[in-house]
Structures are given as C-alpha cells and as structure tokens.
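From first to last, the protein sequence lines stand for chains D and C.
Okay, so the first sequence: first residue is 61 according to our numbering, each after it adds one.
Okay, so the second sequence: first residue is 3 according to our numbering, each after it adds one.
None of these hints come from the bench; they were simulated from the model.
If you're wondering where the values come from, they're calculated on a predicted model, not measured in any experiment.
All C-beta atoms, glycine included, are put in the ideal place defined by N, C-alpha and C.
Any given hint could turn out to be false.
[Unchecked claim] Listed next, the in silico DSBU-like pairs over lysine-lysine satisfying Cα-Cα at most 35 Å (straight line): (1) C:LYS47 to D:LYS72; (2) C:LYS22 to D:LYS133; (3) D:LYS330 to C:LYS46; (4) C:LYS22 to D:LYS446; (5) D:LYS84 to C:LYS15; (6) D:LYS409 to C:LYS47; (7) D:LYS534 to C:LYS15; (8) D:LYS409 to D:LYS334; (9) C:LYS15 to D:LYS357; (10) C:LYS72 to D:LYS489; (11) C:LYS46 to D:LYS363; (12) D:LYS205 to C:LYS72; (13) C:LYS15 to D:LYS413; (14) D:LYS436 to D:LYS449; (15) D:LYS240 to C:LYS46; (16) D:LYS146 to D:LYS104; (17) C:LYS10 to D:LYS410; (18) D:LYS443 to D:LYS409; (19) D:LYS489 to D:LYS409; (20) D:LYS363 to D:LYS336; (21) D:LYS410 to C:LYS15; (22) C:LYS15 to D:LYS363.
[To be verified] Incomplete in silico selection of chain C near chain D, CB under 7 Å: (23) HIS14; (24) HIS24; (25) ASP50; (26) GLU51; (27) VAL53; (28) GLY56; (29) SER60; (30) ILE61; (31) SER64; (32) GLY68.
[What the hints assert, rightly or not] A few chain C residues that face chain D, going by a derived Cβ cut-off under 7 Å, partial list only: (33) SER11; (34) SER27; (35) SER41; (36) SER65; (37) SER70.
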Amino acid sequence: MAYVNDSSKKAKPFDLLLENSGYKDLRTAFDKLLLRPLWWLAEKGKSSRIKPFLRTQRARDMEDYLSLSDYKKTISKSIRQAERSKAPVLFEHPVNNTYGICVPLVKDEKTFGFFGICALKAKPRHGTIDVLSGYTHAIIDEISKDLELGRVYELVRPRAIALSTVHTINRLVTSILDIKELFPRIARLTLQILKAERVRICMVDKYTGALGCVAAVDYRKSKDLFKIRTKPSPTECKVVQSGRSVKKSNFLCVPLVDEEMCGTISVRDKVGKKEKFSIFDREILTTLAEQAVIAIKNAQIYKEQEDLTIGTIKSLGYLLDAKFPRAYTHTEFFVELMVELGKALGLTKKELKILHYSALLPDLGKVVMPEEILRKTKALSGKERKILKTHTVRGIEVLKYLDVLKPVVPIILHHHERYDGTGYPERLKAKDIPLGSRIMAVVDAFEAMVCHRPYRKPLPFRMAVSEIRRQAGKQFDPEVVKAFIRIVKIGRLEELVRKHPDELKKIT
Amino acid sequence: MSSKRLPKSGLHKRIIAFFKSHPESIDTPRGVATWVGCSREEAKKALDELVKAGMLNSILTSSTSGYSLKK
Numbered sequence: 061m062a063y064v065n066d067s068s069k070k071a072k073p074f075d076l077l078l079e080n081s082g083y084k085d086l087r088t089a090f091d092k093l094l095l096r097p098l099w100w101l102a103e104k105g106k107s108s109r110i111k112p113f114l115r116t117q118r119a120r121d122m123e124d125y126l127s128l129s130d131y132k133k134t135i136s137k138s139i140r141q142a143e144r145s146k147a148p149v150l151f152e153h154p155v156n157n158t159y160g161i162c163v164p165l166v167k168d169e170k171t172f173g174f175f176g177i178c179a180l181k182a183k184p185r186h187g188t189i190d191v192l193s194g195y196t197h198a199i200i201d202e203i204s205k206d207l208e209l210g211r212v213y214e215l216v217r218p219r220a221i222a223l224s225t226v227h228t229i230n231r232l233v234t235s236i237l238d239i240k241e242l243f244p245r246i247a248r249l250t251l252q253i254l255k256a257e258r259v260r261i262c263m264v265d266k267y268t269g270a271l272g273c274v275a276a277v278d279y280r281k282s283k284d285l286f287k288i289r290t291k292p293s294p295t296e297c298k299v300v301q302s303g304r305s306v307k308k309s310n311f312l313c314v315p316l317v318d319e320e321m322c323g324t325i326s327v328r329d330k331v332g333k334k335e336k337f338s339i340f341d342r343e344i345l346t347t348l349a350e351q352a353v354i355a356i357k358n359a360q361i362y363k364e365q366e367d368l369t370i371g372t373i374k375s376l377g378y379l380l381d382a383k384f385p386r387a388y389t390h391t392e393f394f395v396e397l398m399v400e401l402g403k404a405l406g407l408t409k410k411e412l413k414i415l416h417y418s419a420l421l422p423d424l425g426k427v428v429m430p431e432e433i434l435r436k437t438k439a440l441s442g443k444e445r446k447i448l449k450t451h452t453v454r455g456i457e458v459l460k461y462l463d464v465l466k467p468v469v470p471i472i473l474h475h476h477e478r479y480d481g482t483g484y485p486e487r488l489k490a491k492d493i494p495l496g497s498r499i500m501a502v503v504d505a506f507e508a509m510v511c512h513r514p515y516r517k518p519l520p521f522r523m524a525v526s527e528i529r530r531q532a533g534k535q536f537d538p539e540v541v542k543a544f545i546r547i548v549k550i551g552r553l554e555e556l557v558r559k560h561p562d563e564l565k566k567i568t
Numbered sequence: 003m004s005s006k007r008l009p010k011s012g013l014h015k016r017i018i019a020f021f022k023s024h025p026e027s028i029d030t031p032r033g034v035a036t037w038v039g040c041s042r043e044e045a046k047k048a049l050d051e052l053v054k055a056g057m058l059n060s061i062l063t064s065s066t067s068g069y070s071l072k073k
C-alpha cells in the first residue's frame, strides 16, 4: 500500500496521481481512441511546468506535428479558466485548429493540479470529457483514501509500538521475583525506553522513612556502569513529599506510588543532548513507574515470605540447638558448601533455593531420638546405630506439615543413601537417589571429616578431599565428586573453610 | 559471530530497520513479527541470530523474551 514505505509519508496527491497505474491505464485506453493526442499534467502553482503525461506515440514526422511546448500558451489560458470554474474546459488551439481539454484536479474542494489533452483533430464530445473527468476524480478519491489511511497508520503505528513496548516491559519486570535483580532491570529498561543517559531509583525505607538510592545506571562514563549513591537529590525528596512528578528539559522524576509513597524513579539527559524530555516522556515514565511499583511490591512480598520461611527454619534450629548444639543443624559452612556445589552442578535458582532450605535442618528427625544416644561421646552400638538411622524418616514426618518445605523432603529423607546402594533408609542406588541428597551426602561427609569430634581429631583438609575422591562411585556420586573437586581446584572450598574457621572448630 | 558475518536476509534487515527507527522499543518476538510482517517463529529465529551477532539485546524471563537495539 502507498503508506507502507517511508517515502510516501510526504507524498503529494499530484505525485501519487502521476504514479497511479489506473491513471496510466486510462491514458492508454483513450490514446488510440482519440488518435494519439498529447497528454499533459500541471501542478497547481507550477502551470509554467506543463509536463507530458507519459511519452506520446505521435509521430514526429507528421506534417501538422506540434510539440507540447507549442501549446503552452493555450494550455496556460485553459488552466486559468479551469481554476476559476473548477470544471473541465474545452479549448481550441488557433495555430492548427486542434482542440484540447483541461480538467482541474480537485481534492477536498481544493485544486492541486490540472490534467489535459491537446492536439485533438476533432472536437471531443461532452460525453468523452465527462468520462475523462469522472474517471480522473474516481482515481483522486482512491488516492485521497490511501493518503488518509496512511496518515492514520502513521499516527497509530508509533503509539501501537510504544504500547507494545510498555506491555513487554510489564511482562519483563513482573516475572522477576528477586528484588536485587529487579531494580537494575527496571533501571536499564527505563533508560532504553526513554533514550536517557542516566537513571536512578530511590526507595523509601519502610522502617525509617528515609529515601535511599537502590539502583542507578549511568551510561556517560561506561557502557554498563552500575553505580549506587545512597544520598537522594533534593528534587527526589521533593517528589516523594509532594507526590508530584517534576519535568525539566534534561530531567524527569516521577513518584513510585502504591497505597503509599514508595520512592522515585528519575532520568537525566536525553541521548544526543539536543533532545529534551517531553510531556509524552513523562507519560511513559509514569506508566513505567506504575508497573514498576507492582513488580517491586510482588518481589518484596516474595522476599518477605522467603525470609519468613528461612527465619522459621532457623528459629526451629536455634531452639533445638539450645538443647543439643549441632545435633540437628549444621554449620553455615555446610549450608554454603551445599549451595556452592549445587551451583557447580548447574542447578537452577529454584533448585538452589530448595537445596538451601534442605541444608538448614537435615537432621531434624533426631529430635525424637533418645537423648542418651545423642549425648553419647563414644562409638555407638549396633542397636543404637539402628535407632539413629531412623532419624531421616522421622524428620520428614515433622516437615510434611509445612507445604513450603515439601520439595526438601526427598533430599532430607535420602541424604544417607550411598551411591552403591548400601545406604539407608531405602537402599536407593545411583541416580535413583535425588541429586540434592547426593550433594548433601558429599558435603555432610566432608564436614564431618574436617570438624572436631569428641572421639577424634579433624582430618587435614587435603586428606578429607582425598577421602571424598576415593569414595566416588562407592559412597558418592562420581559427578558430584567431580564438581566438588572443581570447587577445590578453583580454591573456593578453601575460601569457605577460611571463612568459617571458628565454626568448624567449635563443633563437638 | 563476527561482525563480518552478520545475518543479511530481508527479514534481518527489516528487523534492524524497525529497531533503528524505534530505538526506544523493547518487544517480544510476537510484537516484532507484527511490525515487520512475518510469523512469530521466523521473528524469534532472526531475533536470536541478531542477538548472537551482537546487534540486539535480549532479556530472557520465564514467561517471555524482550528484544531491543544494542546501544
């Protein structure tokens, strides 16, 4: 369609008529019928530039041949007549007694040009003039509709694209539940959509009420510099207090408002410097801020729930530890090594979270074990071992009532299984053992070896690693051991041991 | 993919032309398919190739992907 390509944005009806295939067909159809006259077109205001409408087939060697320029005076006169009357004009050329027609091209009651024929040997009938004129105006109507449609298209298209962008951003931000990931994402998307150099997101602290910067991106110095300044600007404070946006030529700041004031989002400096922020930019930023608030609130609620879950598990561990320290819980080293090993094995964020939860209370079932077994500092008897081995099954009986912890149940239940199928409680073998349990088995054994025990000294770090390696394929999954060795080789395990020296020594 | 081996099909060119004329735009494969006139699948394939070629940015989430012009 005419409006699809960019060149048609400024197209004029006269130019479109010249290119119109229907109009060319009209000329071809009438050319032979009217004995090959001369066809011409003139744009309004440029009547001196009378153009031939397609090359004529008229033979130049005809005796009475006159070129279009020979008719110029007569045509110009007829143009003036047609412009006044806004109706087709029939004229006679006095030099060779030929006839001509001049049809004004009218769109929306405005004449934009003239179309005509000259060098007609016979006086044309009114019917011929009417047909030519009628057909011409039908084509002009068609062109007008195309132009109108093009205008609507050009008006609607950028808005539709902007709307689509806003919708995409909504989907991109509301799918993020990690608040630490969300703020920089919103910041970068804001820069993209507003073509700005700098952006800052400030949030009101719900306890102190103070405004603090949580994310800032500045593209002036580096392609992707993430910079956090804790001090908000006076304008940002003003926006929070008033709840009204502020627009300057190179600065825009809008409030983030939910049921109460949450913070601000501000942008500075349009890319290219010469451009200024417009009212349309403010509307876009306001819409973006509305979506950002929903996403931030969702992520905050999610984080609160997560914190509550971890807090509950930790509180439970703390209560149990008060009676028998480290009988039910493990060290922070244990928890961190579990997660680290999970990362080395390429687990997803969701899987890592489940692994994290399971590492907090793996031996919860010991709570129902007889105290004398838990307190015993010497080696356990066969019967005592048998009782102690039931702690995994007893543990999940406690956890099964907590919906949020259901995914950790299989990990805890099977973390004493062995890869060769000689473990407990179900003697599962190889990949039948959940991956989380296979990870926990390695970490549990390593922690037990490097920590102090009442009945033995801790093994040196290297020996403990060798022992893990030696048990690959027997007690442990070889793939998990490989990942464990990778962590050792890159020095991450040593880092974790160094991070928790006292914690590892204190274990009794 | 090196800059000498940029995807050069008509669709790739249309997509780049779209993002150049709307540099602020961030859109899904379905949206881009609408603006450049092709199927969602074709748009997705071409968009991923342009991301590989370093011409576009992509933001992947669990529910959708957003594409934009690389600054």
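For each hint, the structure was consulted:
Straight-line distance between C-alpha atoms of LYS47 (chain C) and LYS72 (chain D) comes to about 39 Å, which puts the hinted pair past the 35 Å bound. With a CA separation close to 50 Å, the supplied pair LYS22 (chain C) and LYS133 (chain D) exceeds the 35 Å bound. For the hint linking LYS330 (chain D) to LYS46 (chain C), the alpha-carbon distance of about 30 Å falls within 35 Å, and the restraint holds. For the proposed pair LYS22 (chain C) and LYS446 (chain D), the alpha carbon gap of about 71 Å is over 35 Å, so the pair is violated.
Only pairs whose Cα atoms come within 35 Å are accepted, and LYS84 (chain D) paired with LYS15 (chain C) is accepted, the gap being roughly 33 Å. Between LYS409 (chain D) and LYS47 (chain C), the direct Cα distance comes to roughly 27 Å. Compliance with the 35 Å bound is thereby established for this hinted pair. As the CA atoms of LYS534 (chain D) and LYS15 (chain C) are separated by approximately 57 Å, the hinted pair breaks the 35 Å bound. The straight-line distance between the Cα atoms of LYS409 (chain D) and LYS334 (chain D) is roughly 43 Å, outside the 35 Å bound, and the hint therefore fails.
With a C-alpha separation of about 40 Å, the suggested pairing of LYS15 (chain C) with LYS357 (chain D) is violated against the 35 Å cut-off. Annotation: proposed proximity of LYS72 (chain C) to LYS489 (chain D) is violated, straight-line Cα distance about 50 Å (limit 35 Å). Annotation: proposed proximity of LYS46 (chain C) to LYS363 (chain D) holds, straight-line Cα distance about 33 Å (limit 35 Å). A C-alpha spacing of about 38 Å is found between LYS205 (chain D) and LYS72 (chain C), which places the hinted pair above 35 Å, so the restraint is violated.
For the suggested pair LYS15 (chain C) and LYS413 (chain D), the alpha carbons sit about 43 Å apart, so the restraint of at most 35 Å is broken. Restraint check for LYS436 (chain D) and LYS449 (chain D): satisfied, since their Cα atoms lie roughly 15 Å apart, inside the 35 Å limit. Between LYS240 (chain D) and LYS46 (chain C), the direct Cα distance comes to roughly 29 Å. Compliance with the 35 Å bound is thereby established for this hinted pair. Pair hint LYS146 (chain D) plus LYS104 (chain D) holds up; C-alpha atoms about 12 Å apart against a cutoff of 35 Å.
As the CA atoms of LYS10 (chain C) and LYS410 (chain D) are separated by approximately 39 Å, the hinted pair breaks the 35 Å bound. Between LYS443 (chain D) and LYS409 (chain D) the alpha-carbon distance is near 41 Å, which puts this suggested pair outside the 35 Å criterion. Pair hint LYS489 (chain D) plus LYS409 (chain D) holds up; C-alpha atoms about 26 Å apart against a cutoff of 35 Å. A distance of roughly 38 Å separates the Cα atoms of LYS363 (chain D) and LYS336 (chain D); the hinted pair therefore is violated under the 35 Å criterion.
At most 35 Å may separate the alpha-carbon atoms for a hinted pair to count; LYS410 (chain D) and LYS15 (chain C) exceed this at roughly 38 Å. With a CA separation close to 43 Å, the supplied pair LYS15 (chain C) and LYS363 (chain D) exceeds the 35 Å bound. Proximity of HIS14 (chain C) to chain D is violated relative to the hint, the smallest CB-CB distance being about 19 Å (cut-off 7 Å). Taken as an interface hint, HIS24 (chain C) checks out: its beta carbon lies about 5 Å from the nearest beta carbon of chain D, inside 7 Å.
A hinted interface residue such as ASP50 (chain C) counts as satisfied when its beta carbon comes closer than 7 Å to some beta carbon of chain D; here the least separation is about 16 Å, so the hint is violated. Taken as an interface hint, GLU51 (chain C) does not check out: its beta carbon lies about 20 Å from the nearest beta carbon of chain D, beyond 7 Å. At about 15 Å, the closest approach between the beta carbon of VAL53 (chain C) and any beta carbon in chain D exceeds 7 Å, and the interface hint on this residue is violated. Nearest Cβ of chain D to the Cβ of GLY56 (chain C): about 12 Å, over the 7 Å cut. The hint is violated.
Nearest Cβ of chain D to the Cβ of SER60 (chain C): about 11 Å, over the 7 Å cut. The hint is violated. For ILE61 (chain C), the interface hint holds, the least distance from its beta-carbon to any beta-carbon of chain D being 6 Å, beneath 7 Å. Of the supplied interface hints, the one on SER64 (chain C) holds, with its beta-carbon coming within about 6 Å of a beta-carbon of chain D, less than 7 Å. Taking 7 Å as the C-beta cut-off, the interface hint given for GLY68 (chain C) holds, the closest approach to chain D being about 5 Å.
A cut of 7 Å between beta carbons decides the hint on SER11 (chain C): the least distance to chain D is about 19 Å, and the hint is violated. This hint holds: SER27 (chain C) has a C-beta 5 Å from the nearest C-beta of chain D, less than the 7 Å allowed. Contact between SER41 (chain C) and chain D, as hinted, is not supported at the beta carbon level, the nearest pair being about 17 Å apart and thus beyond 7 Å. The restraint placing SER65 (chain C) at the interface with chain D holds, with a minimum CB-CB distance near 5 Å, inside the 7 Å limit.
The criterion of a C-beta within 7 Å of any C-beta in chain D is met by SER70 (chain C), whose closest approach is roughly 5 Å, and the hint holds.
Hints 1, 2, 4, 7, 8, 9, 10, 12, 13, 17, 18, 20, 21, 22, 23, 25, 26, 27, 28, 29, 33 and 35 from the list above are not met by this structure, while the remaining hints are.
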